[in-house]
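Modelling step: build the complete structure from the supplied sequences, incorporating the hints.
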Amino acid sequence: MENLEKYIQNNLEQFNTGEMPVGHQERFMAKLQAAQASDRQTNSTEDAGMQAGNGKVAPTRKAPRLFSRRSLFAAAGAAAAIIIAFFLTPGSTTSTEEEYSIEIQEMAHEMYMEEADILKMLGGKDQNIINSIKSITEEAIPLSEQLPAELSQEKRAEILREYYKAKTAALKNFRVLAYTDEIIY
Amino acid sequence: MTSVTYINKLYETHSQTLYFTSLRITGNSFEAEEIMHDTLLKFLSQPDANEIEKPAAWLKSVCIRKSLDKLRERHRTQAFLEEYREDPPATPPPPLQYTVEEIKGALLLLPDNYRTILSLHLFEGYDYQEIEQITGTKEATLRSLYKRAKEKLAAQLQQNRK
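In the order they appear, the protein sequences are chains R and E. Going by this note's numbering, the final residue of the first sequence carries number 185, and the count climbs one at a time with no gaps. Going by this note's numbering, the final residue of the second sequence carries number 162, and the count climbs one at a time with no gaps.
Everything labelled a hint here was simulated from the structure, so no lab data went into it. Positions of the beta carbon are idealized from the N, C-alpha and C atoms, including for glycine. Hints are supplied without guarantee of correctness; some may be wrong.
To be clear about the criterion: a stretch of chain E counts as covered by chain R if any three or more of its residues have a C-beta under 8 Å from a C-beta of chain R, and this derived list gives those stretches [claimed, not checked]:
1) 11 to 20
2) 29 to 40
3) 150 to 156
Take a look, some chain E residues computed to stay more than 10 Å from chain R by CB distance [unchecked claim]:
4) Glu130
5) Gln133
6) Gly136
Dropping the structure here:
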């Protein structure tokens with residue numbers, strides 16, 4: 001027993017490393033943006049109430065801004081860069097390829113935003129739906145890495161585009177289901 | 001200081017530790033990721049985040065509290081004491097060699113109460129008084145619980161080997 005305890009104490013670092021769920025950083029970036037957007041909305045609502053001078057909005061102190069607008073754009077840019085690096089192999093950058101990569105990056109981002117929204121809506125309530133959603137967005141090996149190298153960039157983009165389109169459509173169906181469940185609860 | 005470089009560095013430095021700390025307590029990957037994210041977002045939203053002297057300690061403390069709150073949300077704290085009242089089966093000492101992965105797997109299969117006390121005392125290094133403050137469970141109970149948790153972990157490791 002003491003040996004087991006000592007073994008754990010001597011290897012503590014290793015217990016804090018390992019595989020993390022696929023897409024965890026992208027989901028964080030999406031939440032970061034959502035938090036910032038929500039904060040901006042709150043501030044603008046407060047401003048509107050104050051300006052209207054209707055007397056109904058108490059002159060509360062403004063909540064401190066989470067992040068500057070510039071850092072939000074920078075964070076969004078970083079998220080985009082991560083997603084591009086994740087899904088597309090480096091190569092020549094013709095304008096067409098750039099267009100494809102931007103489009104795919106936007107689709108992947110939309111998928112993760114959709115996922116973050118639904119999970120927030122569920123609030124950890126329905127584990128079956130959560131598991132199903134995770135099974136849609138998580139990949140043991142990203143599709144981009146499974147595609148044969150001989151495929152043209154255009155073909156790769158086309159496959160990935162259809163891939164994210166289908167996943168996002170499936171997530172939208174889950175949103176309806178989650179929303180319906182919310183009403184039932 | 002919330003530049004993208006700062007945010008990325010903060011995430012890269014702390015995300016893994018926070019995730020696995022929470023996973024050891026909650027036993028649920030989805031919840032662990034949520035808590036890790038929420039902890040980092042909370043840190044970033046602090047007006048005086050730059051002035052926090054030991055961000056790692058701050059983050060770990062928030063992460064642990066959020067993880068325990070999650071357990072409470074799941075109404076498992078009742079089971080915490082009920083499970084404790086049950087006498088665990090007597091187990092022979094485990095074989096000397098286990099891998100980190102085997103122990104991680106066995107931990108996730110333990111009841112919440114045992115996983116929690118092992119996480120806080122053995123992995124995070126909190127003393128019993130600190131754990132008493134966090135969980136509200138008395139020190140004497142925690143000491144007994146810790147002993148039983150170690151026995152249970154050893155038994156679980158042996159069971160997984162079979």
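Hint by hint, here is what the structure shows:
{"no.": "1", "hint": "11 to 20", "in the structure": "holds (count 6)"}
{"no.": "2", "hint": "29 to 40", "in the structure": "holds (count 8)"}
{"no.": "3", "hint": "150 to 156", "in the structure": "holds (count 4)"}
{"no.": "4", "hint": "Glu130", "in the structure": "17 Å, holds"}
{"no.": "5", "hint": "Gln133", "in the structure": "22 Å, holds"}
{"no.": "6", "hint": "Gly136", "in the structure": "23 Å, holds"}
Hint violations for this structure: none, all hints satisfied.
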